[in-house]
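Trainee: Here is how the chains run, residue by residue.
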Amino acid sequence: EAAVTQSPRNKVAVTGGKVTLSCNQTNNHNNMYWYRQDTGHGLRLIHYSYGAGSTEKGDIPDGYKASRPSQENFSLILELATPSQTSVYFCASGTGQLYFGEGSKLTVL
Amino acid sequence: QQKVQQSPESLIVPEGGMASLNCTSSDRNVDYFWWYRQHSGKSPKMLMSIFSNGEKEEGRFTVHLNKASLHTSLHIRDSQPSDSALYLCAASPSNYNVLYFGSGTKLTVEP
Numbered sequence: 011e012a013a014v015t016q017s018p019r020n021k022v023a024v025t026g027g028k029v030t031l032s033c034n035q036t037n038n039h040n041n042m043y044w045y046r047q048d049t050g051h052g053l054r055l056i057h058y059s060y061g062a063g064s065t066e067k068g069d070i071p072d073g074y075k076a077s078r079p080s081q082e083n084f085s086l087i088l089e090l091a092t093p094s095q096t097s098v099y100f101c102a103s104g105t106g107q108l109y110f111g112e113g114s115k116l117t118v119l
Numbered sequence: 555q556q557k558v559q560q561s562p563e564s565l566i567v568p569e570g571g572m573a574s575l576n577c578t579s580s581d582r583n584v585d586y587f588w589w590y591r592q593h594s595g596k597s598p599k600m601l602m603s604i605f606s607n608g609e610k611e612e613g614r615f616t617v618h619l620n621k622a623s624l625h626t627s628l629h630i631r632d633s634q635p636s637d638s639a640l641y642l643c644a645a646s647p648s649n650y651n652v653l654y655f656g657s658g659t660k661l662t663v664e665p
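From first to last, the protein sequence lines stand for chains A and B. Residues in the first sequence are numbered consecutively from 11, following my numbering. Residues in the second sequence are numbered consecutively from 555, following my numbering.
Keep in mind the hints are simulated off the structure, nothing from the lab. All residues carry an ideal CB built from backbone N, CA and C; glycine is no exception. One or more of the hints may lead you astray.
Unchecked claim - Rough simulated footprint, nothing fancy, chain B against chain A, three-plus residues with beta-carbon under 8 Å:
| hint | segment |
| --- | --- |
| 1 | 47-55 |
| 2 | 106-118 |
Claimed, not checked - With a Cα cut of at most 25 Å, we get these calculated PhoX-like pairs of lysine-lysine:
| hint | chain 1 | residue 1 | chain 2 | residue 2 |
| --- | --- | --- | --- | --- |
| 3 | A | 28 | A | 67 |
| 4 | A | 67 | B | 557 |
| 5 | A | 115 | B | 596 |
| 6 | A | 67 | B | 599 |
| 7 | A | 75 | A | 115 |
| 8 | A | 75 | A | 21 |
| 9 | B | 610 | B | 557 |
| 10 | A | 28 | A | 115 |
| 11 | B | 660 | A | 115 |
| 12 | B | 599 | B | 610 |
| 13 | B | 596 | B | 660 |
| 14 | A | 21 | B | 599 |
| 15 | B | 596 | A | 21 |
| 16 | B | 660 | A | 75 |
| 17 | A | 115 | B | 599 |
What the hints assert, rightly or not - Label pairs and their computed distance ranges (CB to CB):
| hint | chain 1 | residue 1 | chain 2 | residue 2 | range |
| --- | --- | --- | --- | --- | --- |
| 18 | A | 18 | B | 607 | 39 to 49 Å |
| 19 | B | 662 | A | 70 | 23 to 33 Å |
| 20 | B | 583 | A | 72 | 18 to 28 Å |
| 21 | A | 93 | B | 593 | 49 to 59 Å |
| 22 | A | 20 | B | 620 | 38 to 48 Å |
| 23 | B | 583 | A | 48 | 24 to 34 Å |
| 24 | B | 607 | A | 24 | 50 to 60 Å |
| 25 | B | 607 | A | 30 | 40 to 50 Å |
| 26 | A | 40 | B | 596 | 24 to 34 Å |
| 27 | B | 621 | A | 98 | 29 to 39 Å |
| 28 | A | 36 | B | 583 | 44 to 54 Å |
| 29 | B | 563 | A | 98 | 10 to 20 Å |
| 30 | A | 15 | B | 623 | 35 to 45 Å |
| 31 | A | 89 | B | 620 | 26 to 36 Å |
If we strip away everything but chain B, and leave its shape as in the complex, we get (with noise of 0.2 Å):
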């Protein structure tokens, strides 16, 4: 069984739009998560980390952690077309230690 489950798997948002993807793990040994974006045909690239109960926000990029659901989540707001691409969700114990990642969440974002 994988550590780390994300749904859902795949999401279909109009331009402009907010899309919300979901992570939560199952090991109760992580403390660490990070979202990375992996365009078709391409190797994956960090988008955010989030390591601390709360929010983060980035441009139009926002992440939430809730540590004793070991949930979080990354919102898009203003979808763009560019934005269609896998998301990965992972997680870890430490920052120091591997990472683990869920199966993805793809994102089309229609014109």
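So that you can see chain A by itself, here it is in the shape it has in the complex (with noise of 0.2 Å):
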């Protein structure tokens, strides 16, 4: 089974103040991806990847930014967080066929 590791699991933060969340896969896939999932949204994707240095944007990369050092390591930045950003973080390595971390939930206070 592949395997993607998000940290942390749950983060509380203040506005104003910057998240950083991290994701790791043993996969060697080269496709990354973050989505963040809402009520009544489904799962949205934010930033994405195709390898080591590279990151596209998504559909809402607005307030987001993403880093790729290497193949194993995807991370999503907020640099300046808002209580919008509360959200439950979907990080998935994979094509077609995507494998999904265990989710991270940030609240923004």
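Please assemble the complex out of the two chains, which come individually in their own frames, going by the hints.
Mentor: Dropping the structure here:
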């Protein structure tokens, strides 16, 4: 079974603070993704990557940056967190069949 | 506007009944469809994929695809309480491109 690990699993941040969500995959997949999930919206694509050094904007990239320093690691960075970014964030790797991490619940107060 | 629309938003079926879920893409570039299942508090996991017109069956699960109308449907026969979950439809222009997800159908199977 493909393995995708996210950290932290739960995070409480203050408005204006910086938040980094990390993702590690041991599947040797080129493609990695960050989605957020809110009730009524399903999964919305924030950023994705085709490999180390590459990041691409998804449907809702505003307020988020991404970093792919290696094949295994893909981070999502919120430089100035806002309450509207309170959500559950999922990292995934793969093509077609995606393998998801367990999710990171972020609360911005 | 989301590229993938799902209906209904929620569905309640009795145990042993048939559940039918629908998904349509508004993006004429998509060519590939997947169905994912997400149990409460868990991450999504791929259930089935379909890339060609027609029907595909795996156990109690059947998916249909009509490429002309960009419509796919998932049918679950003999529904079980363990089938209660959020079902997400995803579409992509190719098997190697990003996946766009719908907002999901919440299925509840009542004993």
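Trainee: So, for every hint listed, does it hold in this structure?
Mentor: Hint check results:
1. Chain B is given as covering the segment 47-55 of chain A, and this holds because 6 residues of the stretch bring a CB closer than 8 Å to a CB of that chain, at least three being needed.
2. Evaluation of the coverage hint for the segment 106-118 of chain A: fulfilled, as 7 residues show C-beta separations to chain B shorter than 8 Å, against a requirement of three.
3. About 20 Å separates the Cα atoms of residue 28 of chain A and residue 67 of chain A, which keeps this hinted pair within 25 Å; it holds.
4. In summary, the hint linking residue 67 of chain A to residue 557 of chain B is supported, as the alpha carbons are separated by about 16 Å, within the 25 Å threshold.
5. A hinted pair counts as satisfied when its Cα atoms are at most 25 Å apart, and residue 115 of chain A with residue 596 of chain B qualifies at roughly 12 Å.
6. Simply put, residue 67 of chain A and residue 599 of chain B have alpha-carbon atoms about 24 Å apart, close enough for the 25 Å limit, and the pair holds.
7. About 18 Å separates the Cα atoms of residue 75 of chain A and residue 115 of chain A, which keeps this hinted pair within 25 Å; it holds.
8. Only pairs whose Cα atoms come within 25 Å are accepted, and residue 75 of chain A paired with residue 21 of chain A is accepted, the gap being roughly 18 Å.
9. Between the alpha carbons of residue 610 of chain B and residue 557 of chain B the distance comes to roughly 23 Å, so the proposed pair stays at or under 25 Å and holds.
10. Simply put, residue 28 of chain A and residue 115 of chain A have alpha-carbon atoms about 15 Å apart, close enough for the 25 Å limit, and the pair holds.
11. Using a Cα cut-off of 25 Å, the hinted pair residue 660 of chain B and residue 115 of chain A holds, with the two alpha carbons roughly 20 Å apart.
12. A threshold of 25 Å between alpha carbons decides the hint, and for residue 599 of chain B with residue 610 of chain B the separation of about 18 Å falls inside it, so the pair holds.
13. Taken as a hint, the residue 596 of chain B and residue 660 of chain B pair is honoured in the structure, with Cα atoms around 14 Å apart against an allowance of 25 Å.
14. At roughly 24 Å between alpha-carbon atoms, residue 21 of chain A and residue 599 of chain B fall within 25 Å of each other, so this suggested pair holds.
15. The straight-line distance between the Cα atoms of residue 596 of chain B and residue 21 of chain A is roughly 17 Å, inside the 25 Å bound, and the hint therefore holds.
16. A distance of roughly 31 Å separates the Cα atoms of residue 660 of chain B and residue 75 of chain A; the hinted pair therefore is violated under the 25 Å criterion.
17. Between residue 115 of chain A and residue 599 of chain B, the direct Cα distance comes to roughly 18 Å. Compliance with the 25 Å bound is thereby established for this hinted pair.
18. Between residue 18 of chain A and residue 607 of chain B the beta carbon distance is about 44 Å. The supplied range of 39 to 49 Å therefore holds.
19. A hinted range of 23 to 33 Å holds for the C-beta pair residue 662 of chain B and residue 70 of chain A, which are about 29 Å apart.
20. Taken as a hint, the range 18 to 28 Å holds for the pair residue 583 of chain B and residue 72 of chain A, whose Cβ atoms sit roughly 23 Å apart.
21. Range check, residue 93 of chain A to residue 593 of chain B: Cβ separation about 28 Å, and the 49 to 59 Å hint is violated.
22. Under the hint 38 to 48 Å, the C-beta atoms of residue 20 of chain A and residue 620 of chain B, about 42 Å apart, fit the expected range.
23. Taking the beta carbon of each, residue 583 of chain B and residue 48 of chain A are about 25 Å apart, inside 24 to 34 Å as hinted.
24. At about 52 Å, the beta-carbon gap between residue 607 of chain B and residue 24 of chain A stays in the expected band of 50 to 60 Å.
25. Distance hint check for residue 607 of chain B and residue 30 of chain A: the Cβ-Cβ separation is about 44 Å, which falls inside the suggested range of 40 to 50 Å.
26. Restraint check, residue 40 of chain A to residue 596 of chain B: a C-beta distance of roughly 25 Å satisfies the suggested window 24 to 34 Å.
27. For residue 621 of chain B and residue 98 of chain A, the Cβ-Cβ distance of about 33 Å falls inside the hinted range of 29 to 39 Å, so the restraint holds.
28. Between residue 36 of chain A and residue 583 of chain B, the C-beta spacing of about 32 Å breaks the proposed range 44 to 54 Å.
29. In this structure, residue 563 of chain B and residue 98 of chain A meet the distance hint of 10 to 20 Å, their C-beta atoms being roughly 19 Å apart.
30. Our hint of 35 to 45 Å for residue 15 of chain A and residue 623 of chain B holds, since their Cβ atoms are close to 40 Å apart.
31. Against the hinted window of 26 to 36 Å, the Cβ-Cβ separation of residue 89 of chain A and residue 620 of chain B comes to about 44 Å, which falls outside the hint.
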